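Student: Residues per chain, in single letters:
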Amino acid sequence: MEPWDKLNAIHLDALKEIGNIGAGNAATALASMLGSRIQMAVPRAGVLPLKEITCLVGYEEDPVACVEFTVQGPAPSKIFFLLNEPSAYLLIDLLLGKPQGSTGSLDEMGCSVLTELGNILAGSFLNAFAEFCRLEFKPSVPAFAFDMLGAVLSSAFLEGGYFSDRALVIETRFYSATATIYGHFFLIPENAALEKILQSLGLKLD
Amino acid sequence: MEAVINPEEVKVGIAEWQVASSPRRLVTLGLGSCVGIALHDPTTRIGGLAHIMLPDSSQFQDRVNRAKFADLAIPDMLAEMLSRGACRSKITAKIAGGAQMFTSGDRHLPLLNIGQRNTAMVRQVLEELGVPITGADTGGNYGRTMIFDLMNGDVHIRTIGRPLKKI
Chain L
1 MEPWDKLNAI HLDALKEIGN IGAGNAATAL ASMLGSRIQM AVPRAGVLPL KEITCLVGYE
61 EDPVACVEFT VQGPAPSKIF FLLNEPSAYL LIDLLLGKPQ GSTGSLDEMG CSVLTELGNI
121 LAGSFLNAFA EFCRLEFKPS VPAFAFDMLG AVLSSAFLEG GYFSDRALVI ETRFYSATAT
181 IYGHFFLIPE NAALEKILQS LGLKLD
Chain Z
1 MEAVINPEEV KVGIAEWQVA SSPRRLVTLG LGSCVGIALH DPTTRIGGLA HIMLPDSSQF
61 QDRVNRAKFA DLAIPDMLAE MLSRGACRSK ITAKIAGGAQ MFTSGDRHLP LLNIGQRNTA
121 MVRQVLEELG VPITGADTGG NYGRTMIFDL MNGDVHIRTI GRPLKKI
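Protein chains in written order, with the numbering used here: chain L, 1 to 206; chain Z, 1 to 167.
Bound-form chain L, shown alone (with noise of 0.2 Å):
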């Protein structure tokens, strides 16, 4: 029996709060860089096996752009920021000034851009999520890549060391009405993590 076999309604309500309030603030950030209004989807929250996890996102093939965080401390987690192929190549057009249409694929400086882009975002989730529940987070330098979503997503996890294959995620649509801005974020807390997150909160598992 893992600890989220234990976890209730009221539980995942909080982990999604989590999720707002964590994406909330990234996506803010996100605004402020590119001077436009950036959506949110109401967060979700479960446990899920790898291949489901993908479908909250889209097709296996599917191109994406991935930055990955290790984050270290009380509660160990990961965070996970995708982008889908037009939204990376716009970004990348948009944070280097240059006219929209201009990237149509990934250089060093692009991937550079984004792994920047995801640094800056991971930084706001982690302040927002370190101030909700007063704990203190270390994230890892990021990591990117760029590939198959079904390849960068079991990846990420299996390549950040975390070799369950199923998977507490806690996960945020991000999107823009008026420009090609699509992307994800994810929570994966880890055992560890999991009850010192709900204690911090006021909640206990059991």
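Any given hint could turn out to be false.
Claimed, not checked - Sample of chain Z residues at the chain L side, in silico, Cβ under 7 Å: (1) GLY30; (2) GLY32; (3) SER33; (4) CYS34; (5) ASN65; (6) LYS68; (7) LEU72; (8) PHE102; (9) SER104; (10) LEU112; (11) ILE114; (12) GLY143; (13) ILE160.
Since the hints were derived computationally from the structure, they do not count as laboratory data.
Computed from a predicted structure; not experimentally measured.
Backbone N, C-alpha and C fix where the C-beta goes; we use that ideal spot for every residue, glycine too.
Once you've looked at the hints, dock chain Z against the given chain L.
Tutor: Chain Z alone, transformed into the frame defined by chain L:
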């Protein structure tokens, strides 16, 4: 020209394996550091495709899903093929995947080397079972899809930005 008939495709998910026979195709999408193992018996046209995540089950307590591990999935799948009438001595293997998808300033990630360890274990298990490897497309830093035609044992590798490759 592509074949006119598009036989039914059987999808193999992550940490799963499937056995089927011609004219079906077995497909697994988006292998990153995971490895896909296609076993084929050309005489009966029975084949199996596994999508493993980790090399060695002995390192883990939770082994409920045996199909996740190279050392358990391959013998299990082989046994299922034999129980369906495949001829042991005719079976050959083709493998793909085992990439390192993420790049990072952190030295920790490549050290874990999960893709390479998966590939090494798959090779070792196949050798112990006496199944020869007749084709492989492993390593690198990109994702792969395997399309395995049970009619002739061909495995096509689809990637992003590279031409379709036959192994």
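Student: Now, for every hint given, state plainly whether the structure supports it.
Tutor: Taking the hints in turn, this is what the structure says about them:
1. GLY30: Cβ of GLY30 of chain Z sits 2 Å from chain L, so the hint holds.
2. GLY32: holds (3 Å)
3. SER33: With a minimum Cβ separation of about 5 Å from chain L (threshold 7 Å), the hint on SER33 of chain Z holds.
4. CYS34: holds (6 Å)
5. ASN65: Since chain L brings a Cβ to about 6 Å from ASN65 of chain Z, closer than 7 Å, the hint holds.
6. LYS68: At 5 Å from the nearest chain L Cβ, LYS68 of chain Z passes the 7 Å test, so the hint holds.
7. LEU72: violated (13 Å)
8. PHE102: This interface hint holds because 4 Å falls under the 7 Å limit.
9. SER104: The hint holds - SER104 of chain Z has a Cβ within 7 Å of chain L, the shortest such distance being about 4 Å.
10. LEU112: holds (6 Å)
11. ILE114: Holds: closest Cβ of chain L sits about 5 Å from ILE114 of chain Z, inside 7 Å.
12. GLY143: Nearest chain L Cβ about 3 Å off; hint holds.
13. ILE160: holds (5 Å)
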